[in-house]
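A.B. asks: Here's the letter readout for the chains.
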Amino acid sequence: MRGATRVTLARRALAAAGAVALTATACGGGSGSGGVGGTPQDGVVRAFWTDPQHPVEPANTNEVQGGKVLDMIFRGLKKYDPRTGRAQNAVARSIRTDDQQNFTITLEKGWKFSDGTPVTAKSFVDAWNYGALVTNKQVNSYFFQYIEGYDAVHPDKGKPTAKTLSGLKVKNDHTFTVKLNQKFSLWPDTLGYSAYAPLPKSFFTDHAGWLKKPVGNGPYKVDSYTKGQSMQLSRNPHYQGDDKPRNKGVELRVYTDQNTGYTDLQAGNLDVVDELPAGQLKNARRDLGGRYINQPAGITQSISFPMYDKKWRSEKAAMVRRGLSKAINRKEVTDKIYHGTREPATDLTSPVLGRAGGHKPGLCGTTCEYDPAEARKLVKRGGGLPGGRITLTSNVDTGSHRQWMEAVCNSINRTLRKNDACTVNPVPTFSEFRSDISGQKMKGMFRTGWQMDYPLIQNFVQPVYYTDASSNDSGFSDPKVDRIIDQANAAPDQQQAVRLYQQAEKRIIEKLPAIPLWYQNGNAGYSERVSNVRLNPFSVPVFTDIKVK
Amino acid sequence: MGRYVIRRLLQMVPVFIGTTFLIFVMVYAVGDPVNAMFGERAPDPATAAQLRAEFHLDKPVWQQYVLYMGKIFTGDFGNAFNGQPVTELMATAFPLTVRLAVIAVVFEIAIGITLGVLTGLRRGRPVDSGVLMFTLVVISVPTFVTGSLAQYLLGVKWGWISPAVSPAAPLGQLLLPGLVLALVSLAYVTRLTRTSIAENTRADYVRTAVAKGLSRRRVTVRHLLRNSLIPVVTFLGTDVGSLMAGALVTERIFNIHGVGFQLWQGIVRQNSPTVVGFVTVLVVVFLLANLLVDLLYAVLDPRIRYA
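Chain order of the listed sequences is A and B.
The letter at position 454 of the first sequence is residue 446 when you use my numbering, and the numbering goes up by one with no holes.
The letter at position 193 of the second sequence is residue 196 when you use my numbering, and the numbering goes up by one with no holes.
These aren't lab readings, by the way, just hints derived from the structure by calculation.
Just so it is clear, the structure is predicted and the values come from calculations on it, not from any experiment.
Worth double-checking, as some hints may not be accurate.
Said to hold, decoys possible - Partial chain B-side listing against chain A, Cβ under 10 Å, derived:
hint	residue
1	Pro36
2	Phe84
3	Tyr155
4	Val159
5	Pro170
6	Ala171
7	His260
8	Phe264
9	Trp267
10	Arg272
All C-beta atoms, glycine included, are put in the ideal place defined by N, C-alpha and C.
Only chain B is shown next, with the shape it has when bound in the complex (with noise of 0.2 Å):
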């Protein structure tokens, strides 16, 4: 096991470096932030060349990732175009992304695998072509609509929540946001959850641990459930990646000055320190996502073992 890690672990620095010097240069090859610095006028030539001096825009592209990554390492992202920090803005954005994608995966493992066992095991019944219905029109919605929908349902016209997070963004403010943003992931975790309850339950295993006489309740939950999960963990594994990047849209409906926002931000002013930098701390939470997901599995089914 130990040995497992180290050789993943050791297979991420090429992942890492490979990725982020994509970025980099996708980023930096979008055009010349300092040009959008200056408004709807052409930019001063003497104060742009300064500029581009401050921020090494003048070098090579190659020259400018290394010396962006020295820095990095020794824990200095740059500043933002605004003159903050990079990492001051991770310490503010981070926590609350994280606090909203722990709402969000709490969200979908509690209604998503719920409605996935009911269903899987009432196959054909109302209940379940319900839950399929149901599931079927929240994947095909997309997040803006029912974001908006449901702020200004629950925030103007009957005034229940105030419609923006205020930058402490409480927990039971974070609710809502929450819930829309784990709902097409739900929807995709009762899917998955339903199939796969829906096979196993003709497998051997169960049948035996029927006769075997264990109760109805310790046999959905101990044998059926736990050998069904494999495949909604990969996925709400891959799903915290994207919850943490991809909020994008529920953050800026919300007032939610999480990574999303920061990131579209970056991108909206070719702010490239604030984009590389977030996107680095992304791709080291994806990897170690995955990691945790692989590990897992041996969690979930004895038969996996890693050596």
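One chain only, chain A, in its complex shape (with noise of 0.2 Å):
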């Protein structure tokens, strides 16, 4: 009896099986000719995407995927020119002042959000409020530290005293008025960041339901957002600027993987890919044909000294410091490992910025050169190594760090003839990484890389290299750097404030607390089906010029 019914059960075990091979099979022959979502829908751009690492909202959004987001539902006073990267007015009619300190911002009428609700100095005030504000937890809260009172609602220690920022103070429906805690006069200039973007009424009504479908006033709406899957994004029927979108709208994507992205790209079924695996960038040019973007990005890549350690703080061993900035053949290292998607440094700067808004190629002079028998004429004169030897420490859990890191001391090590002058210290993660730096833990060089907020010269030297700057991670401190750049942020006019950042950094590489390596450009492909296709300054596709044929 007990073996009847197990025949039965196993009888009925294979049956079930045989079944779902049967539906498998029937499901395997419909679905060859479709692409992933079927067939694309007319005149919509489907473009690569990651899950963004935060919720998508302005002041919480640091890198790129969150970043591609806002760049298209929102617009703030300025906006960057997607060529020049310079910033000019978008929602903003003027932004005046007398004294590089205190502003008074006037709005152009008639911007609305994709809800219909009007922007008004509110909007702008709230939003502002909003980020600053310690207790919402976000990342960018760092970006309103110039505007008055960010100290009370955003102090180092301890609960808010306050729950605005006394800086800002709304005058009427389309004027409001900024104090700044100290002169900069870039200031206006910075304000085309998405950190800046105005919110809706609804944002903070019911902002759980804002995050699952987020509303703002740029080019495109959201239509659908699924998680962790795809955001689907039509254009804006409300929207006021100048830069309407070319095409229907915009499909985001979320891989799981940089190469699956690519292989999708190449088999026709996705139209932008802004992440290319770096194991492919050999081959990009050749698989894509003209469809390869390689340009700028507003991203550096240096080696930092810890300053604070006495053997690095004398005048020899600045000497010992460029010596092995000489050593380093930076233009071998970027052909071999990096395809020519990172460019030898020259400057402090990048050149997304254009020589206009302050890059300088030459700048850094000799002391970013290649010269083997000058650098060890340096490193001699400096008294060589400090013990001998050195390391290179960096995380090795993202990028090609490691290759990079050992390509250079490499390098170090052929120009000073000894085989372990240079050695490489890999840390595991990341934040284990920073938090060495942030401990002040470091013996040796380490990897310091720079992503720029906005393109404004200020952005690469005041936050790296001023006396206790926010990512001054070296510890260095200079009095006259110090002083050139207060000087800087209160010149009246820009010409003459990047010509004193210039000064800044013309000092800063006498010093030498970081050598300068390679500006990193920005790569994606596209497919047949779209044209005109570039990055932003920011390494974000320019959606709104997309075409779709």
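Combine the two chains into a complex, taking the hints into account.
C.D. replies: Below is the structure:
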């Protein structure tokens, strides 16, 4: 009896397995022709996406994937020209100041959010107050640090003593004033960054609902958003800007892996991929024909020294640092490892600024040039490497950090004719690396990268080299540099500010707390279905310009 | 039988607590995840402190663990760092991976056992050596190579299938990933079945069955195969667990947003709530799969009985 039941069980199991296999093959026959999401929607750009790390809200997004969405659904007071990187008025009609510290901002009339509510001075002030308040835990809070009253809403320790920034005052529906806590002539040009975007009332009344389906005042509006899968965007009928979309919409698709995205691009199932896998850079130009983009991004890489360490503070140590800088063959590393997607750096800024914005190739002078004989001489005159050897530290969990570090060390070793002069010290995770840096535990050279917040020369210098600045990882401090930066921020016009900042750069390179390595490029590929694709200074595709065939 | 099951279930409790605690400690020992949330810059201390408080990272590890476990039993696995509840991630990831794993297991059973029986009965013949060679190749080539190659050839070069699986992941699109995922285990199943069958063909009960005059088919399927399946079932049982967690490579290649991918992304982004949550569920799956295997023994071999 028992035996009999067992047989039927086994038979049933077999039958079930067969049925699964049958339905499976049946489905297989039908799906061969269609793309991932069936046939592409007419006029809609299909673009690569990965899950944003933070909820998509203006003051809480600091990486490209979330930035992509913000760039499409928001317009701030200013916007950056995708070609030149220059800040132009968008929602702002004018931003006026007499003393580089008190600003009066007047808005253009007629702007609306995609839900039809008007964009007013209050939309901006409320949004900025929200972003600055420490209890809202926004990772971009520091953008508001120059506004008066920031210390009260965002104290380093303890509870905030105010809810709103005292430096912000609404005058009427279309005017508000801003008081900064220091002179900062270039401040209006920072306002194109998405952290400064206005927010509609629904953001504050129904925050959870807003996060599910963000509402902004940009060229696109969100139609649907399935977290971890896709986002559908279409034209925002209320959009007032002059860069109206030249396509019907954008579909962002979340991919598990860059390689998969690239394969899908080759198969014609995807239109724009702005993260090309490192392993494919070698082939991308050939694979994609002319549909490969390699253009400057606002990212620079450098090697910093622990200036908080006695060994590195002396005048002689500066000579050793200069020697090390001249011992690195930047050209070779960028060609061999990065296949031309990095460019040897010759100043502290980035080519995205353009000459007018303050980028000055060659500012670094001979310090950034490869010259083995001179390098040996400098290191020797500086008393040799402290302890006879040096390490180069970085996290190795992302990017191709290990490869370039080894190449740089090899270059140094070859120049100094000593096999173990420079060794790589890999740290497993980025967060571990980060805590070592903030704990000032570095002994030798370490990797520092800088990704600009806005295309301004100030952003490449002040946060990194001003005494105790937020990203001054080397602990560098030089009264002369600080003084020049203060002067530059108080300068009445941009030209003068740029000139002063370049002076500061020269002084920094004299002291050389960090060796500039290379400028990073943004890379992207696109399908034959679309044209007019390019990246903006933040390496985000300019979706509004893309035309679909 | 019932008492046996209850005993086994009770044994699972300490195992469950032990494993989850180990995972918890390991994930949280890797470093401060808040650091990684600020990108390439020094975190702003005030915001970082607020975030640490939100995720209880400012408390000692044991206290975090107790808080976490307390919440789990109310069904709250916490929020991933992008604000999405971990349970929501599970709700989308697990059905996908289960579907993929089922397809893989079906391939393993259907192809693996058939090949195993075939080669086991024809030892030393060309079929046998041919299949052995094939399994050797399959075992020695890593999954990401077979996966990427199959994807490139079928998806890009010949355009028969779409290279990436869509979010809805219909069965048809999962066939190739399922096969790729199954390949290595399939080879093992073939080899296990072959050895087992080869051993048992000389057993007394097979000779008796033949002597009784049963048909060849009946002897093979009812007597020989059933007794030879015990090692294979053991293997398949543990394999279900590893298929769920270990589909990482396959899932990334074919754009399947399943458990493996979520785990990988959680680890890369140091998203501790995701990692611990998913692994906790996987631990339960493993334990249950093992229990099921043990119970299946009794079904396959009447000599094994549980009291």
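A.B. asks: Hint by hint, note whether the structure agrees.
C.D. replies: Evaluated hints:
1. This hint holds: B:Pro36 has a C-beta 6 Å from the nearest C-beta of chain A, less than the 10 Å allowed.
2. The criterion of a C-beta within 10 Å of any C-beta in chain A is met by B:Phe84, whose closest approach is roughly 7 Å, and the hint holds.
3. The criterion of a C-beta within 10 Å of any C-beta in chain A is met by B:Tyr155, whose closest approach is roughly 7 Å, and the hint holds.
4. Given hint, B:Val159 at the interface with chain A, holds; its Cβ is 5 Å from that chain's nearest Cβ, closer than 10 Å.
5. Because the smallest distance between the Cβ of B:Pro170 and any Cβ of chain A comes to about 4 Å, under 10 Å, the interface hint for this residue holds.
6. Taken as an interface hint, B:Ala171 checks out: its beta carbon lies about 9 Å from the nearest beta carbon of chain A, inside 10 Å.
7. Contact between B:His260 and chain A, as hinted, is supported at the beta carbon level, the nearest pair being about 6 Å apart and thus within 10 Å.
8. At its closest, the beta carbon of B:Phe264 sits 5 Å from a beta carbon of chain A; the interface hint therefore holds under the 10 Å criterion.
9. For B:Trp267, the shortest C-beta to C-beta distance to chain A is roughly 8 Å, which falls under 10 Å, so the interface hint holds.
10. Below 10 Å, beta-carbon pairs count as interface contacts, and B:Arg272 has one with chain A at about 6 Å; its hint therefore holds.
Violated hints: none; the structure is consistent with every hint.
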